[in-house]
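Student: The residues making up each chain are set out below.
There are 2 protein chains.
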Amino acid sequence: MKEQNQQSTITEIVERDYKEKLDKRKKEISYYQEKTEELGLKSTKRFTEYHPDPSKSMLTGVTFAHRDLESVVESMANRQPWAVISGLNPSGPLHFGHKQIFEEVLWMQKQGAEVFIPVTNDESYLVGKVKSLSESRKTAYEKVIPSIIAMGFSPEKTHIFVNSDYPDLYNLAIDISKHLTLNKVYKVFGFGENEEGENPGTIFYRGGVQLAQILLPQYEEFGGKKPSIVPVGIDQYPYILLARDAALKKGFVPPAATFVKFEEGLDGKGKMSASRPNSAIFLTDDLENVKRKIKSAYTGGSPSATFQKEHGGVPEICPIYQLRAYHFTNNNELKEQCSTGNILCGECKKQAVEEVSEYITEHQTKLSIAKTKINDYLLKKPIKSILTE
Amino acid sequence: MKEQNQQSTITEIVERDYKEKLDKRKKEISYYQEKTEELGLKSTKRFTEYHPDPSKSMLTGVTFAHRDLESVVESMANRQPWAVISGLNPSGPLHFGHKQIFEEVLWMQKQGAEVFIPVTNDESYLVGKVKSLSESRKTAYEKVIPSIIAMGFSPEKTHIFVNSDYPDLYNLAIDISKHLTLNKVYKVFGFGENEEGENPGTIFYRGGVQLAQILLPQYEEFGGKKPSIVPVGIDQYPYILLARDAALKKGFVPPAATFVKFEEGLDGKGKMSASRPNSAIFLTDDLENVKRKIKSAYTGGSPSATFQKEHGGVPEICPIYQLRAYHFTNNNELKEQCSTGNILCGECKKQAVEEVSEYITEHQTKLSIAKTKINDYLLKKPIKSILTE
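As you go down the protein sequences, you meet chains A and B in turn.
Under the UniProt record's numbering, the first residue of the first sequence carries the number 1, and numbering increases by one thereafter.
Under the UniProt record's numbering, the first residue of the second sequence carries the number 1, and numbering increases by one thereafter.
Hints may contain errors.
Same chains, same names: a pair is fine if it fits in one copy or spans any two.
Here are the simulated DSS-like cross-link-like pairs (lysine-lysine), alpha carbons at most 27 Å apart as the crow flies [to be verified]:
{"id": "1", "residue 1": "Lys373", "residue 2": "Lys21"}
{"id": "2", "residue 1": "Lys56", "residue 2": "Lys295"}
{"id": "3", "residue 1": "Lys21", "residue 2": "Lys131"}
{"id": "4", "residue 1": "Lys380", "residue 2": "Lys138"}
{"id": "5", "residue 1": "Lys138", "residue 2": "Lys381"}
{"id": "6", "residue 1": "Lys27", "residue 2": "Lys349"}
{"id": "7", "residue 1": "Lys184", "residue 2": "Lys129"}
{"id": "8", "residue 1": "Lys249", "residue 2": "Lys56"}
{"id": "9", "residue 1": "Lys45", "residue 2": "Lys381"}
{"id": "10", "residue 1": "Lys373", "residue 2": "Lys157"}
{"id": "11", "residue 1": "Lys384", "residue 2": "Lys56"}
{"id": "12", "residue 1": "Lys131", "residue 2": "Lys226"}
{"id": "13", "residue 1": "Lys373", "residue 2": "Lys24"}
{"id": "14", "residue 1": "Lys366", "residue 2": "Lys56"}
{"id": "15", "residue 1": "Lys26", "residue 2": "Lys271"}
{"id": "16", "residue 1": "Lys184", "residue 2": "Lys21"}
{"id": "17", "residue 1": "Lys138", "residue 2": "Lys250"}
Simulated from the structure, these hints should not be mistaken for laboratory data.
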């Protein structure tokens, strides 16, 4: 009798767990669908079908929507100049969430784009992720930029800059910020409710520097106005809108955007983020840590192997599935295997450890050479056009 | 009967005019007294009596109050390093209001101060005084800086910079702005009531750039922490308070300030300002204009010569008196002459035209040489200490 009770309790737990995971999947799918509709974005599906060699991010549906992608597609097709801008916050080393975005950027470079990578150490400092400009600057040169270079970007078509070492950018930011009102910036970013945590630099960053970064490729020094695109998370759509407004005021082409889904953190508690170190695999992690993080990761599987064999896992919400599908293996095959219960989490994690370890090992061997090449990638061109127009 | 009526009307007008001028004087005297008390400032009187060779601005009472002047006086006496920071907005050429301040700064240089002059073309643009950064930048180099140089500053101890050509300053501004909250900046500057006219750049300027300018001499590149002083109008006290706060957070010496009275505009409608061209005599005006502006100026005298001979004028509120007393003649003597009715406005204006014309003619002959020397005065030193600390 007692054993039967225990058994029924376990069954209840297993079923509740499964139901929760299905609910989570449903919620996530509708989140992106609703956002796409709400913001009036278009699906990237048509582009993915049409392009002879779409990016992994598009094939896996990580890149799920866009605004004005047509404007760069035309340049892509006609081999006209276009640019990608993809910045990041150097508060820690790159993780697989960054890798996913930068592989998309790399793909764009192979389609002909000039790549601009602002390493926003000012933002890291202003929002309180590091204690000083110098701390995030150090991380930028020692950890972030070498990893980006090691991913295979071309030095001729890649322009990396650390904001505080490229202060000409701030002149552009001053120039652009004049076209905005404070009220507009507040409204777009929802400031005002909690001004306590904000400082004058943050407002200037959001309503000036970030926009200058996005519009940078269109200044005279870089060949003038041209189509451009920014791959971003859906939460960063406000920047894009402000940047499109600012572009019109400067006589530039409004920048396009592709929207990418967040990569799920290994802890199952939200997107992969450096602020929760166990949620992310860093490209600089050692293999011991990789193994530990993957082994202890949350998954879309069931606590009961029997149940999972019968019902399958829920790959769409599984960080291990995402890790493998977005970065390594054939995603459709793995999804099939997981959904049908043909692969269980233990085996899947084992394969994940192997794939990630192999990638990371190779990546890390490239870092010392990458460090010697930083100078070839740095943007140093002075920006004088707005001071003499 | 009719003639008598007219006569009494004229008498009434003359008396009302005199009463208005006395009231204006009373109001002005109490304005500065009340401000001094309200803000807890000290009078500069003791310093003026103690110093063997006080500045003209102190002798005439134009410099009327100070905050923490003691901190630089000690350096002055012991021949230790100290600095003066005096910026200006290059939306037009220098006028006599600027001349007054820069002569005070020049006096400080002769007392041993290192002089820093930020030419804030970013502010001119952000607050809407010019249409572009390039417009105010052009005015800075073509009109403002040559006039400053022609006033006799030493190239060794004077550091002039146009903000948009010295963008390293913005790194300091980012650094400092993090120590402030938006709420504090709003409170100090009374923003929030009319945010419509504000933009993200203005907030950053007030809560970052302006403070960076004031603290600049204390960064490692310029010899590290030291006493410093800023001569300002009383309305700019908020900057000083914010700068003193920021200094403490950076481990610097809180900057001192001297407060100067506004020079009365020739139109009698407020302080001399480039935004009311007839209120100001520009150092680049031609002699025809000088004559015209002075001849048509508002004065502290009476519409009736008879009345003025009997009662005297009201020099304290007279822009012509200020122009002559602050810049040229012996102020006590002129005040005496005017108050006792021994000099009338026509004669006084005639002498003013002569004095101003002589000064301006000499100043203008120096401008073409000054233009060739700009490079000797420009601050170009990169600021790297905060990026590598």
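Student: Look at each hint and say if it fits the structure.
Tutor: Checked hints:
{"no.": "1", "hint": "Lys373 / Lys21", "result": "neither (45 Å within a copy, 74 Å between copies)"}
{"no.": "2", "hint": "Lys56 / Lys295", "result": "within (25 Å within a copy, 79 Å between copies)"}
{"no.": "3", "hint": "Lys21 / Lys131", "result": "neither (39 Å within a copy, 57 Å between copies)"}
{"no.": "4", "hint": "Lys380 / Lys138", "result": "both (18 Å within a copy, 24 Å between copies)"}
{"no.": "5", "hint": "Lys138 / Lys381", "result": "both (22 Å within a copy, 22 Å between copies)"}
{"no.": "6", "hint": "Lys27 / Lys349", "result": "within (25 Å within a copy, 82 Å between copies)"}
{"no.": "7", "hint": "Lys184 / Lys129", "result": "both (26 Å within a copy, 22 Å between copies)"}
{"no.": "8", "hint": "Lys249 / Lys56", "result": "neither (35 Å within a copy, 49 Å between copies)"}
{"no.": "9", "hint": "Lys45 / Lys381", "result": "neither (38 Å within a copy, 53 Å between copies)"}
{"no.": "10", "hint": "Lys373 / Lys157", "result": "within (14 Å within a copy, 41 Å between copies)"}
{"no.": "11", "hint": "Lys384 / Lys56", "result": "neither (39 Å within a copy, 41 Å between copies)"}
{"no.": "12", "hint": "Lys131 / Lys226", "result": "between (37 Å within a copy, 25 Å between copies)"}
{"no.": "13", "hint": "Lys373 / Lys24", "result": "neither (44 Å within a copy, 70 Å between copies)"}
{"no.": "14", "hint": "Lys366 / Lys56", "result": "within (22 Å within a copy, 68 Å between copies)"}
{"no.": "15", "hint": "Lys26 / Lys271", "result": "within (17 Å within a copy, 67 Å between copies)"}
{"no.": "16", "hint": "Lys184 / Lys21", "result": "neither (39 Å within a copy, 46 Å between copies)"}
{"no.": "17", "hint": "Lys138 / Lys250", "result": "between (34 Å within a copy, 20 Å between copies)"}
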